[in-house]
Amino acid sequence: MATICNVSEEKALEIKKLQFTYASADEPSLKEISMPIAKNSVTALIGPSGCGKSTLLRSINRMHDLYPGNKYEGEIIYNGRNILDAKEDLINLRINIGMIFQKPTAFPMSIMDNVAYGLKLQGIKNKTELKDRVEKALTDAAIWKEVKDRLKHDANGLSGGQQQRLCIARAIAVEPEILLFDEPTSALDPISTQGIEELVTELKEKVSIVIVTHNMQQAARVSDYTGFMYLGELIELGKTEELFVTPAEKLTEEYITGKFG
Amino acid sequence: MTATQKRVFVNRIVMALSTLSAGIGLFFLFWILYILVSNGVEAINWDIFLFEGAPPGYEESGLKQALVGQLIIVGIATLVGVPLGILAGTYLSEYGQKSKLAETIRDISDIMMSAPSIVVGSFVYAIMVVPMGHFSAWAGIVALTIIMLPIILRTTDDMLHLVPTTLREAAFALGAPKYKVIIQVVYRGAKAGILTGILLGVARVAGETAPLLFTSFNDNFMSTDLMEPMASLTVTMYNYATSPYEDWQRLGWAAAFILSMFILSLNILGRLVLLTKKGK
Ligand SMILES: Nc1ncnc2c1ncn2[C@@H]1O[C@H](COP(=O)(O)OP(=O)(O)OP(=O)(O)O)[C@@H](O)[C@H]1O
Ligand SMILES: [Mg+2]
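Residue numbers (the working numbering), protein chains in the order written: chain W, 1 to 261; chain P, 1 to 280.
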């Protein structure tokens, strides 16, 4: 059985016995995962390649529904309802639960239009309101100073790190309650990585964050809670400082001391 | 000979043969261009754009009816074929994906792309010209649309495919419904490629003669009635070039020259669109 720590904060999400099977797979890729996600904190997911970190993350905003035949069992409780329910409004869900990908995903349009994209989807048409919210999002994503003179330029002209911060700005512009990051720095240089890490710790004042990372130092630096996954199971969820210093499970200890993975 | 010497020797032979082949190809290409341009430039003057066809020996004869007819037939075929092709390509890439139906459509359109255009011409002849009892511009438009459709459909499908999946996912992750993801993000990402496909598709049908011979046929005078036969540059050129009269042959050269320049510029434009896209 997995060791799951108690979360003192309010919970942003509660995952209950989540099992997930890809359309093309015989075996489930996630096996009976149960864990809380603390509000206004950063929860990191670590584990060896292929253990199911991305699969778990992408269950939370139901990204798997884009491809036919994938199957969820169990529950994810968010604001008192089970979001795995077939009746869940996915558009509304994804407005509240944003996602940042491994590679920057700047749309082929101007910087301004990128950040305004989600706002326009919500029907905000007023030019000044759009401008204000774009500026606020870019400021919160620590990139306003760099782009304020070229908002009309193509977003693909930015550097990788800038594009990633632009994507974060785009995601926070719609004011989500939860943000999911899937290895957001693995395509970036060390300086950009540091920038994103600082940003993640600042953002938790406003949003609850789940971040998948391959890098244990990164998990230790940015997160309050860390979950260790192995072969589709959650082995341990602990307060980050405790999990890295005194892991409760043998497998966790072996992984963080580099015995495998 | 050692193994290395042998490899070097074979290498040289292959290189010499392929250079020679390329040279032969280029030689004929430039020869054709030279004949076309020298005869075409000589044949071209303002009268060509101002007057309709006339019997041999008349001073005031031109290609006005063929130019107008060409624009109407190719123009309407483009207006019908491009949206149809883009929508069908969108279905394949974004909805059908790897389903049986989508794969079947891909196979059929690949076959249609390599089908001789004269076959398309006789098909339209059978389903439109025979029941109507006479040739018509509409029949020509339908024939060209059928030829254009698979080209645009397949380039759209391929170009949409090149747009990274994560870009789509990022738009979905912001709460975008599927049709908005396609129109606002995927189309934008594939814009240059699709535009090139359209230009190449139009260039391809603009040079077709065989399918028009059976369908829109020809008319020596200006006509804009789509229910009646209509002149086109290609069929007019065919008729004039095979006639025994020198002034008609001259008009044939002019038609060939105008048509080639039109198609050449479409092709160059297509390349430029791709280049500027890559340059960014
Ligand atoms: N689309 C898919 N169809 C079928 N199986 C999949 C699919 N995507 C992932 N899997 C499988 O699910 C398991 C978990 O994959 P997942 O991508 O979640 O791992 P991960 O922990 O994110 O790995 P990494 O650190 O390499 O990103 C793996 O065994 C993988 O092979
Ligand atoms: Mg992953």
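I should point out that these hints are in silico values taken from the structure, not numbers from a laboratory.
As the structure is a computational prediction, the values presented were derived from the model and not from experiment.
Yeah, the Cβ is synthetic: ideal placement off N, Cα and C, and Gly gets one too.
The reader is advised that the hints may include incorrect statements.
To be verified - Quick look at which bits of chain W chain P covers, simulated, 3 or more residues with Cβ under 8 Å:
#1 56-69
#2 215-224
As the list claims (entries may be wrong) - Listed below are several chain W residues computed to face chain P (Cβ distance under 8 Å; list not exhaustive):
#3 Y72
#4 G74
#5 I91
#6 R94
#7 I95
#8 K103
#9 T105
#10 P108
#11 L121
#12 G123
#13 I124
A quick look at each hint next to the structure:
1. Judged by the Cβ-Cβ criterion of 8 Å, the region 56-69 of chain W is covered by chain P as claimed, because 3 of its residues qualify and three suffice.
2. Coverage of the region 215-224 of chain W by chain P is violated. Counting CB-CB distances below 8 Å, 0 residues qualify, and the rule asks for three or more.
3. Checking W/Y72 against chain P by beta carbon gives a least distance of about 17 Å; that is not within 8 Å, so the hint is violated.
4. Below 8 Å, beta-carbon pairs count as interface contacts, and W/G74 has none with chain P, the closest being about 22 Å; its hint is therefore violated.
5. A distance limit of 8 Å between C-beta atoms decides the matter here; for W/I91 the minimum to chain P is near 5 Å, and the interface restraint holds.
6. Given the 8 Å rule on beta carbons, the hint for W/R94 holds: about 4 Å separates it from the nearest Cβ of chain P.
7. Here the hint on W/I95 is kept, as its CB sits about 4 Å from the closest CB of chain P, short of 8 Å.
8. Hint status for W/K103: holds, given a least beta-carbon distance of 6 Å to chain P, under 8 Å.
9. Because the beta carbon of W/T105 sits about 4 Å from the nearest beta carbon in chain P, less than 8 Å, this interface hint is met.
10. Interface hint at W/P108: satisfied, since its Cβ lies 5 Å from the closest Cβ of chain P, which is below the 8 Å cut-off.
11. Interface restraint check for W/L121: the shortest CB-CB distance to chain P comes to about 6 Å, inside 8 Å, so the restraint holds.
12. Taken as an interface hint, W/G123 does not check out: its beta carbon lies about 11 Å from the nearest beta carbon of chain P, beyond 8 Å.
13. The interface hint given for W/I124 is broken, as the beta carbon of that residue sits about 13 Å from the closest beta carbon of chain P, more than 8 Å.
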